[in-house]
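With the hints as constraints, model all of the structure from the sequences given.
If you read the sequences in order, they're chains B, Z, A, U and H.
Per the numbering used here, numbering of the first sequence is gapless, rising by one per residue and ending at 268.
Per the numbering used here, numbering of the second sequence is gapless, rising by one per residue and ending at 454.
Per the numbering used here, numbering of the third sequence is gapless, rising by one per residue and ending at 746.
Per the numbering used here, numbering of the fourth sequence is gapless, rising by one per residue and ending at 1404.
Per the numbering used here, numbering of the fifth sequence is gapless, rising by one per residue and ending at 1557.
Any given hint could turn out to be false.
[As the list claims (entries may be wrong)] With a Cα cut of at most 27 Å, we get these calculated BS3-like pairs of lysine-lysine:
#1 U:K1251 - Z:K352
#2 Z:K392 - A:K630
#3 Z:K352 - Z:K388
#4 B:K63 - U:K1251
#5 B:K252 - U:K1251
[As the list claims (entries may be wrong)] If you want a taste of the chain A side facing chain Z, the calculated C-beta under 10 Å gives, among others:
#6 H478
#7 T561
#8 C645
#9 C646
#10 H730
These aren't lab readings, by the way, just hints derived from the structure by calculation.
This one's a predicted model, so the numbers in the text were calculated from it and none came from an experiment.
All C-beta atoms, glycine included, are put in the ideal place defined by N, C-alpha and C.
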Amino acid sequence: MSTSEAIRADAARLLAEGRAKLVIGYRARGPHRAPAFVSDPAGVDVLIYDNLCKQNLAVYLRKPEVRSRGPVAVVAPPAVMRSLVVLAAESQLTEATVLAVGPDAYHGVLDLAGAAALLKEKYADLAPSPELLEALAKLDAMSPQERARFWTDQFAKCTRCYACRAACPLCYCARCIVEKNVPQWISTAAAQHGNFAWQIIRAFHQAGRCTLCGACEAACPQGIPLMLLNLALSEEVAKQFGEKPGYDPAAKPVIGSWKPDDDQGFVR
Amino acid sequence: MSKSAASKLAEHVRRATGVDVAECYQCGKCTAGCPMARWMDVVPSQIMRLVQIGDDEAAARLLSSAAIWVCAGCLTCTQRCPKKLDPAAVIDALRELSYQQGKVPASQRKVLAFHKAFLKVVEKAGRMSEIPLTALYKMTSGDLVSDVTLAPRMLVRGKLPLVPKVVRNRRQMKRIFAACRKGDRL
Amino acid sequence: MTPLGYYPGCSDHGSGRELGMSVHALARLAGVELKEIEDWNCCGATAAHNLSHDLAVALPYRVLALAEAQGLAEILTPCAACFSRLKGTVVRLARSADLAARMRQVTGLEYRGPLRIINVVEFVNRLLAGGLKDKLAAPLAGLKVATYYGCLLSRGENIIEGDDAENPASMTPAVKAAGAQVVPWNFATECCGGGFSMSFTDAVVDLSEQILADARAAGADCIVTGCPMCHSNLDMRQLTINSRGRGPYDVPVLYLTELVGLAAGLGPKELGLDCHFVDAMRLLSRAEPRPA
Amino acid sequence: MARIGVFICHCGENIARTVDCAAVAAAAAKMPGVVHSADYKYMCSDPGQQMIRQAIAEKKLTGAVVGACSPRMHEPTFRRAAAEAGLNPYLLEMANLREHCSWVHEDRAAATAKAIDLVRVMVEKVKRNRSLYPIRVPIEPTALVVGGGIAGIQAALDIAGGGKKVILVERGPSIGGHMARLSETFPTLDCSQCILTPRMVEAASHPNITLMTYSEVEAVEGFVGNFQVTIRRKAKYVDWSKCTGCGDCWAKCPARKIPSEFDARLGARTAIYRPFPQAVPNKPVIDREHCIMLTKGKCGACAKACQRGAVNFKDQDELVKVKVGAVVLATGFDLWDHSAYGEYGAGKFADVIDGFQFERLASASGPTGGEIRRPSDGQVPRTVVFIQCCGSRDEKVGKAYCSKICCMYTAKHGMLYKHKVHDGRAIVFYMDIRAAGKGYEEFIRRAVEADGVEYVRGRVSRIYRRTDGKLIVRGADTLAGRAVTVEADMVVLADAVVPRSGGEKLAQLFGVGYDTDGFYSEAHPKLRPVETAAAGVFLAGACQSPKDIPDSVAQASAAAAKVLGLFARPELEREPVVARVNENTCVHCRACIQACPYGAVEDHEIRDRKGHLVRTVARVNEGLCQGCGTCVAICRSGCIDLEGFTDEQVFSEIATLE
Amino acid sequence: MAQTETKTAEAAAAFQPRIVAFVCNWCTYAGADLAGTSRLRYPPNVRIIKLPCTGRIDPLFILKAFEGGADAVLVSGCHPGDCHYTSGNYHARRRWALFRRLLDLTGIDERRLFFSWVSAAEGQKFADLVADITEKVRAAGPLEPANPARRRL
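In structure tokens, the structure reads:
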């Protein structure tokens, strides 16, 4: 049985048994993949899974219109499961039902604890793509002026559509900091300083939380390489604090906890 | 960090050994444990104190003291120093200075003669052998009579090899000794 | 098995020859190959240490550089004094790149390091753990041993890993494996006078006598050591002590390797037991083959 | 509309020398919102303050900026002046023109420009200040004293004497602490128990004091004025309401060889025991680790012997919750374990003892009845060596500090020994003599001059035991410049004073800091020596640093005075610099809750009128919040703000600097 | 060639860096006070914004300062273990460790963002620190208007 078939079978069973009122998965839309919301066991045939499925479906689990439907199951590759674990650690959800898929296998229906266990066992070392690593290394090798120029050009493209925010399951604030206007820390005009502040703070607010799912960058209509920022911070979090978010539903926030011997070589 | 109050001698010691004698609070534990203290004219804690003072009088007294040559280098002082200082290293530094400046007291002629004889043998042969060492030592120290009865017994036990072993690459030994020589002194 | 580098030190052919003999005997028995560093030189001992700090590093540096060039990674240095010089040099070189650069210049030789220097106690313990323990066929039952560490196996950088500087016990397992027992005594780490044997004999006589006296008071049948300098002070100088009207003492002083060799049933000549000044041959009778 | 007044102080010449104060005032007058600007020679003087009051009243100011010295110096002064004129004191801010400007710069133009900047920043800030009012919290007028040694007893008695209730918690079965174990006390040589036991009885019988012995603090919640403390009453296995303390039980106990803690292991006790005859309460407990019945399930000799049926093997630990308004920590000290000193025998020589052991040997109630007899063979030692600074002032064992009391008690020991063994030798090895107390130096001299205690200046390097039983002490006499060897019969080590075991855990429960040695940290080393960083928690005795009896008692009384001062008012006023959560926008990610150093941010459930849970948010407990603002910076959506340092205020300060 | 060099050097000397310092009330602010009471001298380029604790310092503050024209930012508080609020500085330390990486990656490097511990007793350290960073920023030159952090109208 292919992964897609297995997903369909499990989805149908969950819906039939009432363990889920809604299954969120992927469907094909031409050459692309789009989210599918299935509430009828008869409708599971639209569900597919392949390596084109990039969207992080965890983003839907905090939406009231989804939650009000009753128990939800979600098709979850490792990045999605990690997002769910982070959401649990941040008290944003207490339970989850996932149809766990990996690049290599289908792992069936799991609850949150099962997903965390699976992640630790099978997907503890999810390496970023070599292209991304190389791009970051290239950027790091530049002079500060060159880096500034690079980002000036990149951020100049930003139209402040906030698709990056909408795509991210961890951007769940009821009111985003960019919308706070007393005081207005971040200018909302699509101009240099506001764009910079927005992109920097967006990335920083993900520090120690981001699971590198790539949904933000994939969602950006302007092709801004947001993953460079996310990856740099992720690497730093791992290197400095030995933390890898999205594996422990009881984890303390990386920003919001500390150790007496955290590195302070940079402090004079 | 530079400590302006440190004496020149103390500064020399600090550079040579890493020991900042200002940290010594004169508890005396080094003296208390020193197996050689009873033969010393200046005991280890006093040595530390004199380096702290470090004026000409103190330096003169230290560098011409017998004590720095009487030290056996057993490290008991260093092992037990409650300030984690290294008095043995301080004495090492003073000893080298004393030798460099030609201040070794007459009473320590024998000790110095032994060390010099030892190095002479090593410089020539690359290795120490008992017979050349003893011969050279006795010639330079004038200590001719002691231990004469031991030699035959050592010989019997094969402890006085008659053919000394030598290093083949004698040129290398020469180069090392030449490079380490300061003035006419080693 | 890769051969273990071997640095005999100058006393190996002379005053400390029974140490080298017994080390080789044990190595043969355990099937460990010792590869002598070719064209090794003297470590400089106390003399270089006292007169020239540069020389005190340069001489061991040449030894280390030769050993490295000859493909050795670990060097057994049975003489505790040489061990102290070699290990001290390894530590200092690792700590200071400046010193390493200067030594490169002084000697014209390249040493990258770090090499691992092991002393005779570590060597014996390693052999025992590697199976020699099962070959000790002639235990020295009831033999009371005062284990004497002296300065060079108990302090500073020389301390044996995991051992306690004030109450060392790294020789205890070997003594026990040999079937003997360790007596508690007070002078295990006191100084014997070291290199002053010739130049300050009075001090050596005094200090060594205290050690002998305490060992005797503790009921020891013999003293076991790992240092040729201590050995010559306690063994050879026992005659001087007695000749000065003290004592008289009659305490055999053995190397740890000799003791273990005895328990392994090796011959006295092979171990150099006949080279001692204080009769050690009598201990032979204590080594009784284990009933089959 | 903001109506801001600016007041520039010359501070005599201190500011005016480098800053053109008139120019600053003139520049300030042009700043938006400023309706009044003046400069004056001494703004903090009466006429200066009067200028401020007058301007506030006449110009109807809504805010004021005083450009003068550091706010750490005069902020309270000027805020008081503002309040007197009817302006909320939190509507006044200071610009630091002296410490941060005139005193550190030389160039008059640059300094004046900077001064104008500093004033402008504060003008923009103060426009956004809000009136704040001190937070009032009711106080529970009962104190908790932790530790029943002399410090704890004294603090409890003083608080009780002031008419307030006290709960005195002690870990052991009796109060009295170390002082009960001492023979005589320096510098008067009066009998320790004779002066202590009346105090113990008084504490036990005082109507305001509740004694909780054999108990430990388990958990702490709440804050100054309102602590809820959970105390574990350990199972005693004896019903004290029935027990008369007759002693039939311990007379019959077959487990008789348990080393007595009270006698510093030199004597033995039974498993059912009271630690010493004068114990308060004078009733036994069963030590569950050694009781044969409790470990092996058979025995019960004590239960059979007890005519009142007070023994209860089924007794359980009990958790008691108490509400208190203030806490005094008086957990005292231990002696460092000298077995870490290999060169002194690693604790293996029976006749190398510590100070408490000597106290018990010298005590009339001790295991030898007050005769100095050495532990190994009961012989009277003819030569006793006392070694000071054992562990103290020794960085090798991680203790750089001086234990303070050893010089004095060692002199006392030497004296007591000489009084009891007239022909014996008492030799003291010391590094320095620290005898800076009333009558202390005289006491030391008396030991040397009248009693013949021999003082040798130097540390001891090694002690070993010869086969004949003599302890060979190798020390130094640094004054004579030589090594010294003494053949001693007994050696007394003045081990370092260290905090009581478990002290760190207790400190964490109460939010009290401690130093690297484990001693509790006072709020300020000079000016607030009995307070801690945790409001309402005070210190008494050696838990803070090594102290002798007079110092401990003095600090205990000081702590009691602090407690009584706190309890003198029905409620507590606190600075209103606290964080507040905007519950409308909070999504309850709990980062603030996890980050708060004081546990002041709590989960708060919002319910509808019917009591149904709508959602959970974070809420700041004003009583606990200390105003650090860590939560504010952690909140990603900017839902938390800090009064006095709001986002708006900081934003405008930064913006002003453009 | 020599002439241009002189010119550059003159320009560098004339450049007065604008440095915004965010400091805690209990340690660094008091340390700066001590520098004053000790009459130490340091350049007048730093403007201090006082906060109760480094824990209060939001990265937004730093962005805002750069946006508005600061050439460098200094953040300073109590030494680890000395925080008046026990752990605000530990929280801050983590925040900075990550934030500085982000700014470095986007072109605001270590010549413009300084972190330090200055206790209430370290007046000298504060004065030295300000002198040193002023020199460093002077050497680095102004943060160009083209820098993405800058407000460009």
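Hints and how they fare:
1. U:K1251 - Z:K352: 31 Å, violated
2. Z:K392 - A:K630: 44 Å, violated
3. Z:K352 - Z:K388: 36 Å, violated
4. B:K63 - U:K1251: Answer violated: B:K63 to U:K1251 is near 44 Å, above 27 Å.
5. B:K252 - U:K1251: Within the cut-off at roughly 22 Å; holds.
6. H478: Not OK, violated: A:H478 not within 10 Å of chain Z, min 15 Å.
7. T561: With a minimum Cβ separation of about 6 Å from chain Z (threshold 10 Å), the hint on A:T561 holds.
8. C645: 4 Å, holds
9. C646: Check passed: Cβ of A:C646 comes within 9 Å of chain Z, closer than 10 Å.
10. H730: Where the cut-off is 10 Å and the nearest Cβ of chain Z is about 8 Å from A:H730, the hint holds.
The structure shown violates the earlier hints numbered 1, 2, 3, 4, 6.
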